[in-house]
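There are 2 protein chains.
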Amino acid sequence: AGDSIAGQKVMTQCQVCHGKDGIGKLSYTPNISGQKYEYLVHSLMAYKIGQRKSQMMSSVVKNLSDEDIANVAAYYAAIKITVEAPQ
Amino acid sequence: AGDSIAGQKVMTQCQVCHGKDGIGKLSYTPNISGQKYEYLVHSLMAYKIGQRKSQMMSSVVKNLSDEDIANVAAYYAAIKITVEAPQ
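Each protein sequence line maps, in turn, to chains A and B. Residue numbers for the first sequence follow our numbering, so the first one is 348 and each next one is one higher. Residue numbers for the second sequence follow our numbering, so the first one is 348 and each next one is one higher.
Because the hints were derived from the structure by calculation, they are not lab data. Do not take every clue at face value.
[What the hints assert, rightly or not] One-sided and incomplete, this derived list gives chain B residues near chain A with beta-carbon spacing under 10 Å:
hint, residue
1, Leu373
2, Ser380
3, Tyr384
4, Thr429
Every residue, glycine too, gets a C-beta built ideally from N, C-alpha and C.
Sequences and hints are given; from them, build the entire structure.
This is how it looks when you write it as structure tokens:
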């Protein structure tokens, strides 16, 4: 698993769309606060290898090392969320 | 936007992996509680047209109408989450 503290530096490249707290700034930008670490790594790698297509994400992810990806995934996964069970 | 009440019926097909509250049951199953409605619709459609690949998701989504997709997206998007801002 990645280092969430080291991930804070990588997060500075993500926060413009995803926010420091993981709440997406645009209507189609996903919330990633407290998202599953493995799912975040899976998604970032999918953008890195072109399995998922997004100009924005590919332009950011292409400069990230696998370690950067693990660390920023750990950063966002570590954010605490509470969920109100639906009625 | 979809109808979150009608979405509850569709959710019964999702809850085995995603839970009634949207918290993923498996380490790689994403949390979708309070996720952005447009992102959920985008992701479900991506699985439906094969842009995103997942045996599990494709097998479920292929039986969903566009209205089902809008309604279940509205259901999960309506779940209230609170995020603790990271220090």
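Hints, verified against the model:
With 10 Å as the threshold, the beta carbon of Leu373/B comes within range of chain A, its nearest partner Cβ sitting at about 8 Å, so the hint holds. Given the 10 Å rule on beta carbons, the hint for Ser380/B holds: about 4 Å separates it from the nearest Cβ of chain A. The interface hint given for Tyr384/B holds, since its Cβ lies 8 Å from the closest Cβ of chain A, which is under the 10 Å cut-off. The beta carbon of Thr429/B is positioned within 10 Å of a beta carbon in chain A (closest approach about 5 Å), and the interface hint is therefore held.
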